[in-house]
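**Student:** What follows is each chain in one-letter form.
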Amino acid sequence: MANDLARWQFATTTIYHFFFVPVTIGLAFLVAILQTVWYRTDNPDYKRMTRFFGTLLLINVAIGVVTGLVQEFQFGMNWSTYSRFVGGVFGAPLAMEGILAFFLESTFIGLWIFGWDRLPKRVHLACIWAVSAGTLLSAMFILMANSWMQHPVGYKMNKQGQAVLSNVWALFVNPTFVWGYAHVLLAGLITGCLVMLAVSAWYLRKGEHVESFHRTAKLALIVLIPAIVIQLSVGNQLGVIETKYQPMKIAAAEAQWTNCKPCSFSAFQIGGGSNDQTPTEIIPIPHLLSVLATGTWNGAVTGLNDLQSQYQKKYGPGNYVPNVFIQYWSMRVMAYLASAILLLALWGGWLLHKDRLRNSRLFLLLCVWAVLTPFLMNTAGWLLTESGRQPWVVQGLQKTAVANSPSVSSTEIWISLIVFILSYIVLAWADLGLMLRYSRRGMAQADAEAAEPAAGAAPALTY
Amino acid sequence: MQLHTIWFVIITVLWIGFFVLEGFDFGVGALHMFIGRSETERRVVINTIGPWWDGNEVWLIVAGASMFAAFPQWYATMFSALYLALVLLLVALFGRGVSFEYRGKRESERWRNGWSWALTIGSIVIPLLVGVALGDLLHGLPIDSKHEFTGNFFSLLTGYGLMTGVTLVVLCLLHGATFLGLRTTGEIRDRAHSAARSIGVVAILISIAWVIWTLVVIGGGTVPEPTQIFGVIAVIFAQRLATTDNDAWAFVASGFAIAAAIGQIFISLYPNVMVSSTNHSYNLTVNNAAAGHYGLVVMTVVAALFFPIVLLYQGWSFHVFRRRVSAPPTSSG
Chain A
8 MANDLARWQF ATTTIYHFFF VPVTIGLAFL VAILQTVWYR TDNPDYKRMT
58 RFFGTLLLIN VAIGVVTGLV QEFQFGMNWS TYSRFVGGVF GAPLAMEGIL
108 AFFLESTFIG LWIFGWDRLP KRVHLACIWA VSAGTLLSAM FILMANSWMQ
158 HPVGYKMNKQ GQAVLSNVWA LFVNPTFVWG YAHVLLAGLI TGCLVMLAVS
208 AWYLRKGEHV ESFHRTAKLA LIVLIPAIVI QLSVGNQLGV IETKYQPMKI
258 AAAEAQWTNC KPCSFSAFQI GGGSNDQTPT EIIPIPHLLS VLATGTWNGA
308 VTGLNDLQSQ YQKKYGPGNY VPNVFIQYWS MRVMAYLASA ILLLALWGGW
358 LLHKDRLRNS RLFLLLCVWA VLTPFLMNTA GWLLTESGRQ PWVVQGLQKT
408 AVANSPSVSS TEIWISLIVF ILSYIVLAWA DLGLMLRYSR RGMAQADAEA
458 AEPAAGAAPA LTY
Chain B
62 MQLHTIWFVI ITVLWIGFFV LEGFDFGVGA LHMFIGRSET ERRVVINTIG
112 PWWDGNEVWL IVAGASMFAA FPQWYATMFS ALYLALVLLL VALFGRGVSF
162 EYRGKRESER WRNGWSWALT IGSIVIPLLV GVALGDLLHG LPIDSKHEFT
212 GNFFSLLTGY GLMTGVTLVV LCLLHGATFL GLRTTGEIRD RAHSAARSIG
262 VVAILISIAW VIWTLVVIGG GTVPEPTQIF GVIAVIFAQR LATTDNDAWA
312 FVASGFAIAA AIGQIFISLY PNVMVSSTNH SYNLTVNNAA AGHYGLVVMT
362 VVAALFFPIV LLYQGWSFHV FRRRVSAPPT SSG
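Residue numbers (this note's numbering), protein chains in the order written: chain A, 8 to 470; chain B, 62 to 394.
Since the hints were derived computationally from the structure, they do not count as laboratory data.
Note that this is a predicted model, so its numbers are computed, not measured.
Be careful, since some hints might not be right.
[Unchecked claim] Reference listing, derived: stretches of chain A covered by chain B, where coverage requires no fewer than 3 residues with Cβ under 8 Å from a Cβ of chain B:
1. 410-423
2. 431-442
[Stated by the list, open to error] Which bits of chain B does chain A cover? Going by a derived footprint, with three or more residues having C-beta under 8 Å, they are:
3. 105-112
4. 220-226
[Said to hold, decoys possible] Quick list of simulated restraints, FRET-style, between CB atoms:
5. G175(B) x P51(A): 34 to 42 Å
6. I422(A) x M94(B): 56 to 64 Å
7. N174(A) x G212(B): 45 to 53 Å
8. A307(A) x G212(B): 52 to 60 Å
Every residue, glycine too, gets a C-beta built ideally from N, C-alpha and C.
So here's chain A without its partners, still in its complex pose (with noise of 0.2 Å):
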């Protein structure tokens, strides 16, 4: 029950902060683009731009800052026997991510906002560069230690019969770390990309500011179609690394439970349930699967059910399938949005080219409610992860079921999942609130921040 519980309050407190992540990582850098613009062509419009998507970067950031705590209590907070386990290894990337990423991105923050009036124009342009370097490094180091969960390497056992770091070098090549990296950094910029095209569709629609936010729309699809390009091929190789470090997760995420070579992708089915091992296929696509798991237009997969039979024989008796639903199905919430969005990302291009973009309204409209999908890509995606390592809490060393802390009971837990659930509420009904607000009404404060203040007046309250 604990342990249920504990998992459940994991799997809420990091989804919903990596609403924000995401969003932080992606804008960050669209913002310091802008801001760079502006410091190249001086051009004041790009100013205000950058104030404005400034600002909603700024708003966003503060609840990503905040949650992201949690996420650093709570592996010894619920998850004690896994902290013992690992510590050695594991916590060493979280240290380096507060040492090297934190520190960058919360004082160059800091700089940014207050040091319009006050630092020269380029080092000011630094500043932002600099939260941008800092929110990769957070996304480097935490996905190291993410891969490592997915599959450890680099370290030893000591005689305690704990991991203990051995090769350091080994967390920074792990295949899963790099290609999870690529993927997580090009979901960031992609959601970065499609809010940014939203408000600036949004605008474009009514009519208002239309010059200024042609020029986001603009630069919004001009990063967004080579990262949707690359992405599709990246999220590709990484389950092809999936399929060789954890086979059981990519033979789920198809409802595979008998091998295959060449194997067949559906595009949708019903069943395939533990309970219903021949599910109803609707429209398979030949040979797709062998591709996607595999590389190669022949590859064999192998079933759950042989899998289960070799990991029983490797680890002992249990359940070694992760639940194939949520596999099966959020792996094509993120296939079929991530197309999506392929096909609306080169329809834009193609009226950039025309220059018909500010007059499709149709186009528009599909761009402003496009800014939920990538919220639901991501949290799919780390769905498929995560659940995907599934009875694993570090992939082949340690079962989910015995690394929460004994001496927390489900009492302790109840309580901290409802505070945490009533305080999230809370914060996303301020963050939202203020998203929505800025994101329509924000440009008359953007004028009159990128205004030059007057000669020998006091600059004006930050805060």
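Place chain B on chain A using the hints.
**Tutor:** Chain B alone, transformed into the frame defined by chain A:
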């Protein structure tokens, strides 16, 4: 010196850094509604820490993450033992953390008052709870031979832990008041001075009482350690200097007072990292709680290479915004 001792020192320094830096942010946050009377004045007060509070708070995160990396057993036992206290701490960190950015974003008085209270309460509750936690490390908690906590929420509320928490809150208030004396002008500065004077009196008394209690807890006889004497002297200096124009020295003194307070907890603790009140042979120590040797070497290299850089840019940020903050003449708040 052995590596795990070096990491104990690094973690001590991180906790000191956190309380010296974020300590004045707590003080400013807790006092902002009382020292700032109008909306404009409140904004002036909040803006004195505006560029820095976030960077200062990172010291806490890095302290926690370093405990995880260097002493996994310590991190695991402490964080699971303090469970409900940490839930409260996190809620306080949520409210306070977003209040800075969100408070000024709407023109509604209710909205601003709401976030002001989140800032005020958070700024008191956070040092209080962290103080209780640090005090409990030294006082001891029921911990069994497997390093598992065997008590409940009420076992955390030790008298010494609570006293440590209250002492730290008062020291943070004093530190915040001397900081405001240094960073503001006119009436706000006058009010900060008089706040520092009266808080200082409480701080002197409570520091002496806490030092005596600490001596009782560690059973170290009747002779105070040099750090403890130094800490009390620093509080006295801060209180005396707060009434003069030596704003900078008053602030330095209150900073040393906090540093000495955190320092003496960790000095008294060593070589333990967490005392077991069940049986002292179950204590977590720098030896039995540490990570592997290679991991500590890697972390030491990373810290030695990058920490100086962090200090440089954080120092630069303090330099950039060194001027006093005052209200813009035409501001309506």
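**Student:** So, for every hint listed, does it hold in this structure?
**Tutor:** Hint check results:
no.	hint	result
1	410-423	holds (count 7)
2	431-442	holds (count 4)
3	105-112	holds (count 5)
4	220-226	violated (count 0)
5	G175(B) x P51(A): 34 to 42 Å	holds (35 Å)
6	I422(A) x M94(B): 56 to 64 Å	violated (30 Å)
7	N174(A) x G212(B): 45 to 53 Å	violated (39 Å)
8	A307(A) x G212(B): 52 to 60 Å	holds (55 Å)
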